[in-house]
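Turn these sequences into a full structure, and let the hints steer you where they fit.
Residue numbers (the UniProt record's numbering), protein chains in the order written: chain B, 1 to 219; chain W, 1 to 525.
Warning: the hint list may mix true and false statements.
Listed next, the in silico DSS-like pairs over lysine-lysine satisfying Cα-Cα at most 30 Å (straight line) [unchecked claim]: (1) W:K444 with B:K204; (2) W:K375 with W:K444; (3) W:K293 with W:K270; (4) B:K41 with W:K416; (5) B:K30 with B:K50; (6) B:K30 with W:K375; (7) W:K517 with W:K154; (8) W:K416 with W:K293; (9) W:K375 with B:K123; (10) B:K123 with B:K49; (11) W:K416 with W:K270; (12) W:K133 with W:K517; (13) B:K123 with B:K50; (14) B:K49 with B:K30; (15) W:K375 with B:K50; (16) W:K417 with W:K293; (17) B:K30 with B:K41; (18) W:K154 with W:K133; (19) B:K49 with W:K375; (20) W:K517 with W:K270; (21) W:K417 with B:K41.
Not close to chain W: a few residues of chain B, all C-beta gaps over 10 Å, as computed [unchecked claim]: (22) E6; (23) I7; (24) Y11; (25) Q33; (26) K41; (27) T42; (28) K50; (29) D68; (30) A78; (31) R106; (32) E111; (33) K123; (34) E135; (35) T153.
It should be emphasised that the hints constitute simulated quantities derived from the structure, not laboratory data.
The model shown is predicted, which means the values in this text are computed figures rather than measured ones.
For glycine and all other residues, C-beta sits at the position ideal for the given N, C-alpha and C.
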Amino acid sequence: MSTIEEIDPSYLALIDSDRVSAQTREVLLKRLQSSDEPGRKTALSTEEKKILQALAECVVPMAGRSIDFALSIDARLAEGQGKGWRYSELPPDLTAYRGALAAIDRYARREFRTSFAELPLEKKNQTLRVIESGEMEAGEPDSGDDVPSLSATQMQRWFQDLRGDVTGIYMSHPETLAQLWYSGIADGADSAALSGFVQLGLGKVEAWEPKAKVRENES
Amino acid sequence: MNLDSMRRYGTDEEVDAVVIGTGAGGAPLLAKLARAGLRIVALEAGRNWDPGRDFATDEVAASELYWLGERLSAGQTPTAFGGNNSGTGVGGSMLHWGAFVPRADPRDFRIHSELGVGVDWPMSVDDLRPYYKELERFLGISGPAFYPWDPERKYPLPPVPLNAPAELMQRGFRALGLRASEAPVAAVSSAYQQEGYETRHACVNRGYCHQGCRNGAKASMDVTYLPAAVAAGAEIRPECFVHDFELNDQGRVSAVIYRHGDENIRQRCKAVFLCAGAVETPRLLLHCNGRRKEGLANSSGQVGRNFMAHVATQVWGTFAEETRPNKGFPASLISEDTIRPAKADFAGGYLTQSLGIVPITWSMQVARGRGLWGKPLVDYLQQYNHVAGIGINGDCLPDDRNFLELSDEGDALGMKKARVHFSYGENELRMSQHAEDLMTAAWKAAGATDIWTFQRSAHTIGTCRMGEDPNTNVVDATGRSFDVPNLWICDNSVFPSALPANPALTIMALSLRTADKFLQDGERR
Ligand SMILES: Cc1cc2nc3c(=O)[nH]c(=O)nc-3n(C[C@H](O)[C@H](O)[C@H](O)COP(=O)(O)OP(=O)(O)OC[C@H]3O[C@@H](n4cnc5c(N)ncnc54)[C@H](O)[C@@H]3O)c2cc1C
Ligand code: SF4
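Now the structure itself:
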């Protein structure tokens with residue numbers, strides 16, 4: 001897990017400055033320190049969370065840092081709070097997640113004789129490509145298993161939800177915002193007459209605005 | 001908003017009217033009826049907010065403004081709900097709307113007469129023009145001194161400044177020989193004394209309109225019509241979810257039943273204005289079947305039919321210079337040259353707008369819609385400060401395949417969740433392709449690289465259509481139900497066709513008009 005210490009100190013200083021409102025600072029710092037609360041309701045088993053975390057790290061690979069995606073997603077699933085809609089062809093979010101995680105692990109054991117979380121990166125990505133192309137035939141659940149099986153098309157739809165969930169968690173993380181030198185959090189202090197932005201338009205920057213991260217892969 | 005000293009009515013008191021929902025449809029008529037001296041109560045499912053104190057500049061925190069009651073999305077181009085098109089709270093979806101306020105084009109009200117598709121509106125844009133003018137003045141709309149597609153039009157405030165995506169669209173459109181103009185936006189470009197309320201601060205270009213404006217610059221209902229309504233004696237009850245109606249022997253609504261906390265409360269009333277939006281309005285009518293198994297106000301069988309969503313295709317590109325797409329009013333440039341575009345192989349048209357965007361919304365669009373994952377995804381997300389978008393709002397024709405129904409799944413109150421079927425027809429598919437080609441050309445001309453298209457649909461429209469014929473419509477041209485004489489519907493559900501213009505200004509115009517019609521004769525019938 002990343003901690004306050006790992007964030008660029010000048011971005012932390014921005015978060016602490018009076019250009020960021022108290023409410024905004026509070027949500028950012030809370031997110032940064034997010035760790036499991038004892039006694040929290042959980043929805044997924046330890047094994048399911050392990051598969052989920054492995055999947056999430058394929059969707060958003062991060063060199064030298066990590067985010068506990070499985071924890072955030074589990075917390076949301078346990079609360080039963082979705083995003084306001086779901087594909088009609090998918091079962092409710094928790095059932096879909098559980099069905100998909102089981103199917104992926106079954107696939108990995110069948111094709112590679114090992115659990116998904118233990119696979120080398122290339123084999124994990126290969127598995128995701130099978131889901132993405134709508135070709136993952138999940139096979140029948142083991143007897144005694146209470147999770148329903150998803151069809152290949154359902155897996156494809158679910159994978160889109162997974163990408164959205166994981167990417168949203170990644171992008172909202174203060175360390176990601178710091179890497180981008182994202183200026184939007186600093187829209188002014190707490191008075192009603194916010195300072196906001198004056199330098200608009202191509203290539204214009206405020207005197208206080210952090211220099212945006214240099215683009216790595218010029219296209 | 002401050003509700004501390006508002007007037008209150010007893011639940012046993014037979015109030016003149018109950019308004020359900022306080023968004024674009026509910027708020028203007030609430031103010032107008034209260035000002036006319038009516039005793040009136042608004043029931044709003046969502047919370048009451050204090051934007052300056054409660055709204056963080058953060059997209060995750062803003063999800064409290066979204067309607068998160070789950071909806072099931074079906075069809076070949078299922079539309080996304082929640083943050084994409086549905087809000088809640090005192091002020092409705094207008095708390096998180098984008099405040100882009102073009103008027104409807106007169107041709108689009110007569111699309112059937114003109115092009116033989118869709119349906120005509122049971123009125124003309126001339127009927128709405130006085131209301132458009134009233135709204136633009138009251139809300140403090142900022143816009144250009146000269147509006148190229150309607151030279152007569154005058155906006156009360158000068159335009160908001162152009163941000164990088166707007167400059168780029170200007171460049172791209174100029175290269176293609178198309179006109180573009182500063183957009184009409186419902187954010188005040190300078191401090192504005194709101195009639196009957198406080199001074200609203202000028203827009204500070206923070207770009208978080210979709211997450212709730214913190215300083216009153218954006219004309220959401222909680223800083224415009226709702227304070228006016230409260231000042232005139234209306235009561236607004238937050239966190240009150242309506243789930244039933246009581247009818248008397250004449251088939252009129254005599255009381256509204258709502259849930260507040262763990263309690264069911266009954267409010268007696270003489271008339272009801274149902275303004276819960278184009279998903280919750282038909283859902284409630286289908287749910288309250290009372291004596292009729294087809295649902296309330298549904299002898300036509302049209303409740304829930306004709307669901308429409310705008311074709312809202314976007315094109316994104318990367319630019320060498322920094323764009324910082326979070327800065328500035330997000331959509332500050334418009335073109336209406338595409339309302340009837342050249343080389344069209346479809347009916348109707350679309351308007352084009354420049355797009356700024358905040359990072360999480362953008363990243364999730366990339367992950368879901370561009371289909372990236374792994375290193376290509378992370379690498380592309382690093383380009384955030386260099387991207388800019390351009391997008392359309394395109395007309396959508398009513399289609400038999402597109403409708404809302406109740407599913408078998410219940411929500412926490414046991415009310416069935418809505419399932420919405422939505423598939424683009426040939427017309428929408430062609431329009432989207434035309435727009436994609438045009439916007440890609442504009443982005444190339446503006447210097448973009450790594451250009452890609454994001455397919456999406458926006459807004460929830462139709463489902464309780466207005467029209468002349470009781471057999472094929474749910475309400476008449478004034479918004480009154482054909483079946484239940486003291487039930488009026490006023491929200492995005494009454495639209496006979498989608499129109500390329502973004503909906504809220506037209507919904508508000510209909511709201512003021514419905515209030516006038518009600519005051520003229522509705523009360524006495
Ligand atoms: C992110 C976003 C951006 C947008 N941008 C623009 C734009 O730039 N320009 C534009 O013109 N339009 C825009 N819109 C659309 C615009 O906000 C809507 O068209 C408009 O608000 C719809 O008005 P309405 O009255 O139909 O419903 P709403 O404004 O949604 O109001 C309905 C209200 O009813 C309440 N309600 C629902 N059910 C019940 C019940 N059973 N009991 C009590 N209360 C209930 C809801 O909580 C809600 O507050 C945008 C919308 C969103 C979400
Ligand atoms: S850009 Fe302007 S209107 Fe939008 S949220 Fe910021 S201050 Fe409000």
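Against the structure, the hints:
Taken as a hint, the K444 (chain W) and K204 (chain B) pair is honoured in the structure, with Cα atoms around 22 Å apart against an allowance of 30 Å. Pair hint K375 (chain W) plus K444 (chain W) holds up; C-alpha atoms about 25 Å apart against a cutoff of 30 Å. Restraint check: the Cα-Cα separation between K293 (chain W) and K270 (chain W) comes to about 24 Å, which is no more than 30 Å; the hinted pair holds. Of the supplied pair hints, the one linking K41 (chain B) and K416 (chain W) holds, its CA atoms being roughly 26 Å apart against a limit of 30 Å.
The straight-line distance between the Cα atoms of K30 (chain B) and K50 (chain B) is roughly 24 Å, inside the 30 Å bound, and the hint therefore holds. A hinted pair counts as satisfied when its Cα atoms are at most 30 Å apart, and K30 (chain B) with K375 (chain W) qualifies at roughly 28 Å. The suggested pairing of K517 (chain W) with K154 (chain W) holds, with an alpha-carbon distance near 27 Å, which does not exceed 30 Å. About 15 Å separates the Cα atoms of K416 (chain W) and K293 (chain W), which keeps this hinted pair within 30 Å; it holds.
Of the supplied pair hints, the one linking K375 (chain W) and K123 (chain B) holds, its CA atoms being roughly 15 Å apart against a limit of 30 Å. Taking the CA atoms of K123 (chain B) and K49 (chain B), the gap is about 19 Å. The hint holds against a cut of 30 Å. A hinted pair counts as satisfied when its Cα atoms are at most 30 Å apart, and K416 (chain W) with K270 (chain W) qualifies at roughly 28 Å. For a cut-off of 30 Å, the pair hint linking K133 (chain W) to K517 (chain W) stands: about 18 Å separates their Cα positions.
Under the criterion of a C-alpha separation no larger than 30 Å, the hint pairing K123 (chain B) with K50 (chain B) is consistent with the structure, at around 16 Å. A C-alpha spacing of about 22 Å is found between K49 (chain B) and K30 (chain B), which places the hinted pair at or below 30 Å, so the restraint holds. This hinted pair checks out: K375 (chain W) and K50 (chain B) have alpha carbons roughly 21 Å apart, not beyond 30 Å. Simply put, K417 (chain W) and K293 (chain W) have alpha-carbon atoms about 17 Å apart, close enough for the 30 Å limit, and the pair holds.
In summary, the hint linking K30 (chain B) to K41 (chain B) is supported, as the alpha carbons are separated by about 19 Å, within the 30 Å threshold. Of the supplied pair hints, the one linking K154 (chain W) and K133 (chain W) holds, its CA atoms being roughly 9 Å apart against a limit of 30 Å. Straight-line distance between C-alpha atoms of K49 (chain B) and K375 (chain W) comes to about 22 Å, which keeps the hinted pair within the 30 Å bound. Proposed proximity of K517 (chain W) and K270 (chain W) is supported: the alpha carbons are some 16 Å apart, at most 30 Å.
Only pairs whose Cα atoms come within 30 Å are accepted, and K417 (chain W) paired with K41 (chain B) is accepted, the gap being roughly 25 Å. Interface exclusion of E6 (chain B) from chain W stands, the closest Cβ pair being 17 Å apart, more than 10 Å. Once the 10 Å rule is applied to beta carbons, I7 (chain B) is consistent with being away from chain W; the minimum gap is 16 Å. Chain W leaves Y11 (chain B) outside its interface by the beta-carbon criterion, the shortest separation being 14 Å against a cut-off of 10 Å.
No beta-carbon of chain W comes within 10 Å of the beta-carbon of Q33 (chain B); the shortest separation is about 15 Å. At the 10 Å boundary, the C-beta of K41 (chain B) stays outside the reach of chain W, the nearest C-beta of that chain being 16 Å off. Chain W leaves T42 (chain B) outside its interface by the beta-carbon criterion, the shortest separation being 21 Å against a cut-off of 10 Å. Every CB of chain W is more than 10 Å from the CB of K50 (chain B) (nearest about 19 Å), matching its label as outside the interface.
With a closest Cβ-Cβ approach of about 16 Å to chain W, D68 (chain B) is found to remain outside the 10 Å limit, as its non-interface label requires. In this structure A78 (chain B) is separated from chain W by more than 10 Å, as the shortest Cβ-Cβ distance comes to about 16 Å. Every CB of chain W is more than 10 Å from the CB of R106 (chain B) (nearest about 21 Å), matching its label as outside the interface. Interface exclusion of E111 (chain B) from chain W stands, the closest Cβ pair being 19 Å apart, more than 10 Å.
Remark: the non-interface label on K123 (chain B) is consistent with the geometry, its nearest Cβ contact in chain W lying 14 Å away (cut-off 10 Å). At the 10 Å boundary, the C-beta of E135 (chain B) stays outside the reach of chain W, the nearest C-beta of that chain being 15 Å off. Even its closest Cβ contact with chain W, about 13 Å, leaves T153 (chain B) beyond 10 Å, as expected for a residue assigned away from the interface.
Against the hints set out earlier in the document, no violation occurs for any number.
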